[in-house]
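**Q** Read off the chains here:
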Amino acid sequence: MYIEVNGQQTFVATGGKTFDARLPTVVLLHGSGLDHRCWALQARWFAFHGFSVFAPDLPGHSLSQGEALTSIEAMGAWLVDALDAAGIEQVHLMGHSQGFLMALEAAPILGDRLLSMMALATAAAIPVNPALIDTAKQNTSKAADMMLQWGFGSNHQYGISAVPGMQPIGIGQRIMANNPLAVDLQACNQYQAGNERAQALRCPVHLVLAKQDRMTPVREGLKLAKLLGISPTVIPNTGHMLPIEAPKESLQTMKSFIQTLN
Amino acid sequence: MSRSSYLGDDTIALHSGYQPESDHGSRAVPIYQTTSYVFDSVDDASALFNVERGGHIYSRITNPTIAVLEQRLAALEGGSGAICTASGMSALFVTFFSLCSAGDHIVSAAQIYGSTVTLLKHTLKRFDIDCTFVAINDAEALENAIQDNTKLVFCESIGNPGLEASDLPMISSIAHQHGIPLVVDATFATPYLCKPIQHGADVVVHSVTKWIGGHGVAVGGAVIDGGNFDWLASGRFPTLTEPYAPFHGMNFWEEFGPSALAMRIRCESMRDIGAAMSPQNAFLLLQGIETLNLRMQQHVENAKSLITWLQEQDAVAWVNHPDLDHNPSQAVAAALFPKGAGSMLSFGVNGGREAGAAFIDALQLSSNLANVGDSRTLVLHPGSTTHSRLNEDELAAAGISGDLIRVSVGIESIKDIKSDFANGLRAAAKTAEKLAQQG
Ligand SMILES: Cc1ncc(COP(=O)(O)O)c(C=O)c1O
Numbered sequence: 003m004y005i006e007v008n009g010q011q012t013f014v015a016t017g018g019k020t021f022d023a024r025l026p027t028v029v030l031l032h033g034s035g036l037d038h039r040c041w042a043l044q045a046r047w048f049a050f051h052g053f054s055v056f057a058p059d060l061p062g063h064s065l066s067q068g069e070a071l072t073s074i075e076a077m078g079a080w081l082v083d084a085l086d087a088a089g090i091e092q093v094h095l096m097g098h099s100q101g102f103l104m105a106l107e108a109a110p111i112l113g114d115r116l117l118s119m120m121a122l123a124t125a126a127a128i129p130v131n132p133a134l135i136d137t138a139k140q141n142t143s144k145a146a147d148m149m150l151q152w153g154f155g156s157n158h159q160y161g162i163s164a165v166p167g168m169q170p171i172g173i174g175q176r177i178m179a180n181n182p183l184a185v186d187l188q189a190c191n192q193y194q195a196g197n198e199r200a201q202a203l204r205c206p207v208h209l210v211l212a213k214q215d216r217m218t219p220v221r222e223g224l225k226l227a228k229l230l231g232i233s234p235t236v237i238p239n240t241g242h243m244l245p246i247e248a249p250k251e252s253l254q255t256m257k258s259f260i261q262t263l264n
Numbered sequence: 025m026s027r028s029s030y031l032g033d034d035t036i037a038l039h040s041g042y043q044p045e046s047d048h049g050s051r052a053v054p055i056y057q058t059t060s061y062v063f064d065s066v067d068d069a070s071a072l073f074n075v076e077r078g079g080h081i082y083s084r085i086t087n088p089t090i091a092v093l094e095q096r097l098a099a100l101e102g103g104s105g106a107i108c109t110a111s112g113m114s115a116l117f118v119t120f121f122s123l124c125s126a127g128d129h130i131v132s133a134a135q136i137y138g139s140t141v142t143l144l145k146h147t148l149k150r151f152d153i154d155c156t157f158v159a160i161n162d163a164e165a166l167e168n169a170i171q172d173n174t175k176l177v178f179c180e181s182i183g184n185p186g187l188e189a190s191d192l193p194m195i196s197s198i199a200h201q202h203g204i205p206l207v208v209d210a211t212f213a214t215p216y217l218c219k220p221i222q223h224g225a226d227v228v229v230h231s232v233t234k235w236i237g238g239h240g241v242a243v244g245g246a247v248i249d250g251g252n253f254d255w256l257a258s259g260r261f262p263t264l265t266e267p268y269a270p271f272h273g274m275n276f277w278e279e280f281g282p283s284a285l286a287m288r289i290r291c292e293s294m295r296d297i298g299a300a301m302s303p304q305n306a307f308l309l310l311q312g313i314e315t316l317n318l319r320m321q322q323h324v325e326n327a328k329s330l331i332t333w334l335q336e337q338d339a340v341a342w343v344n345h346p347d348l349d350h351n352p353s354q355a356v357a358a359a360l361f362p363k364g365a366g367s368m369l370s371f372g373v374n375g376g377r378e379a380g381a382a383f384i385d386a387l388q389l390s391s392n393l394a395n396v397g398d399s400r401t402l403v404l405h406p407g408s409t410t411h412s413r414l415n416e417d418e419l420a421a422a423g424i425s426g427d428l429i430r431v432s433v434g435i436e437s438i439k440d441i442k443s444d445f446a447n448g449l450r451a452a453a454k455t456a457e458k459l460a461q462q463g
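Protein chains in written order, with this note's numbering: chain A, 3 to 264; chain B, 25 to 463.
With the rest of the complex left out, here is chain A (with noise of 0.2 Å):
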């Protein structure tokens, strides 16, 4: 569906349902260059199982207009607005890598209207490599080629997809190359408040890391989650791009995490 947020049209994609803004409602929320798309095998099975979608393009990213946000603190703010303009009181917020350090920000703003949080191939903080950043200045594509070849595990790389015949690494590209990826990695790098955030959550949380992670290694994903006090899911033979790779064990993950709520 499209919304309009600060009076820009706003893709959201809604899992291949109607939005019922009175259901429990689930935000998936993209990392740095992606869009909606990553979570195409999570967000069908929430709307087709009792709760209400609301998976945002970014300002700026595919299919929403506007300019890209600069900064993770104006992506937290942003997030309310969308939330306030589709009418949705309470949420359960899931992030996957930049789109976790994002719901961090919303967090303190939602105060009581978030439920739960859930955090997907992530750290609390994302420094990155300045001549990404670069490169992904001058070249997008270029940049996204880099990221890939880094964000995509090893079994990826050889063209394995969890949907027959296609070729996530081609699908990622395209998304990258065509999105404000040096505005969004420059915005990870810059932001230092995580643990903070992290630590002044109240709602039930969980994460799901990575093995073969080399964007947000595991190792920062476990000082996460020993800073939040809970054991994490760790899932094998996957990188990075997570929700994308291993789209049956992420939801796995999510699916048991939303049930325990209750």
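I should point out that these hints are in silico values taken from the structure, not numbers from a laboratory.
The beta carbon of each residue, even a glycine, is placed where N, CA and C say it ideally should be.
Be careful, since some hints might not be right.
As the list claims (entries may be wrong) - Here are some, though not all, of the chain A residues that point toward chain B, as calculated from beta-carbon distances under 10 Å:
hint: 1; residue: Phe13
hint: 2; residue: Asp37
hint: 3; residue: Ala42
hint: 4; residue: Leu43
hint: 5; residue: Gln44
hint: 6; residue: Phe50
hint: 7; residue: Gly52
hint: 8; residue: Ser156
hint: 9; residue: Ser163
hint: 10; residue: Ala164
hint: 11; residue: Met168
hint: 12; residue: Pro170
hint: 13; residue: Leu224
What the hints assert, rightly or not - Sample of chain A residues lacking proximity to chain B, with all beta carbon distances greater than 10 Å (derived):
hint: 14; residue: Glu6
hint: 15; residue: Ile111
hint: 16; residue: Ala195
Got chain A sorted already, so can you dock chain B with the ligand onto it with the hints?
**A** Just chain B with the ligand, lined up with the frame of chain A:
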């Protein structure tokens, strides 16, 4: 550059799409000779039917062996995904069918494979899809042929029977200026010689029956989605950008973006038309693809050597190949096919139609048959076979002279191919002499 793998092409050809650990350690890709797949649970079954998760339901739609071939072809061509079909013709059909509806129009190169002409000129016409044929390297003719209802431009990377290389950067740029995609049949070149997506093509189609399979044992086709075309911005493709009722109103562009076309073909054509490849054929074609690059090197080397040799023979009237100076597309071929523009060539023998027939009948190594792209050398004399019912004027209109011999150069030892052809040329010369004596 749009890519979908960071492996080298030789590695992709051998490994892409398959890792052994999930299949009992089987090093070779297993043949999943099954029609259907057991669901874990009722919930799992409904998740599969509802596209909540990827996986296999029924082999008309997907199959694990075929999926390896699809993913390998997508990686080789640098696309976002691929769909394999029962034949090259069905790959072309599902592509046109997925992009066009009644009332739409296609602009196609005039020089293309005969059955594709029939499909575009007669078969699709019954469904009110029209086609205009143009000399595809003529920018003005192409531009003039595009109408408001045109949905795509189609050509072969090397056209048939004239063997002209298509100027893909020029053609795609004109198509894109009009908001329509370029579909390229790349059968004659294979991704080893030219990757059309890198030159602006949006969809690549193959008859994998030919060089990709290479061994002449299995018929098959493939559609590779280039993933770069913005179907929404174009505004001409309701099949990809508007809700599809059979899947809860799924919008393929919103849901899948760069793989929207491949997913539409999967969800609609494979399900409702069902021109599926067999798992056994996918396995045989995978055996072929593993050595594609090595075979293509030898195909091209043999073709070059045979061309030079033929040009030196007294009995030969003319030789045609895209790499030759007198071929109108030589400059295009040099730019797009730096390793050589394929292993198809044609030549004429002195003495016309009858001498041509005598040449073919005298061959032993080379096979006289209606196929191309086998590892073995194949020859055909259209004037006495596929086009035998046409008179000289009709032949000329089809771009075929009575003396034309079409050769798909194989990978045998080149000295043996030449020696076989030398026998053929002697027979042709004798016939030509007899004809001359008869006056
Ligand atoms: C260029 C080209 N395209 C398509 C086809 C059709 O392929 P198939 O015979 O696999 O249906 C052929 C067959 O000769 C061909 O040469």
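**Q** Confirm or reject each hint.
**A** How the hints compare with the structure:
{"no.": "1", "hint": "Phe13", "in the structure": "holds, 7 Å"}
{"no.": "2", "hint": "Asp37", "in the structure": "holds, 7 Å"}
{"no.": "3", "hint": "Ala42", "in the structure": "holds, 6 Å"}
{"no.": "4", "hint": "Leu43", "in the structure": "holds, 5 Å"}
{"no.": "5", "hint": "Gln44", "in the structure": "holds, 8 Å"}
{"no.": "6", "hint": "Phe50", "in the structure": "holds, 6 Å"}
{"no.": "7", "hint": "Gly52", "in the structure": "violated, 13 Å"}
{"no.": "8", "hint": "Ser156", "in the structure": "holds, 8 Å"}
{"no.": "9", "hint": "Ser163", "in the structure": "holds, 6 Å"}
{"no.": "10", "hint": "Ala164", "in the structure": "holds, 4 Å"}
{"no.": "11", "hint": "Met168", "in the structure": "holds, 4 Å"}
{"no.": "12", "hint": "Pro170", "in the structure": "holds, 8 Å"}
{"no.": "13", "hint": "Leu224", "in the structure": "violated, 26 Å"}
{"no.": "14", "hint": "Glu6", "in the structure": "holds, 17 Å"}
{"no.": "15", "hint": "Ile111", "in the structure": "holds, 28 Å"}
{"no.": "16", "hint": "Ala195", "in the structure": "holds, 32 Å"}
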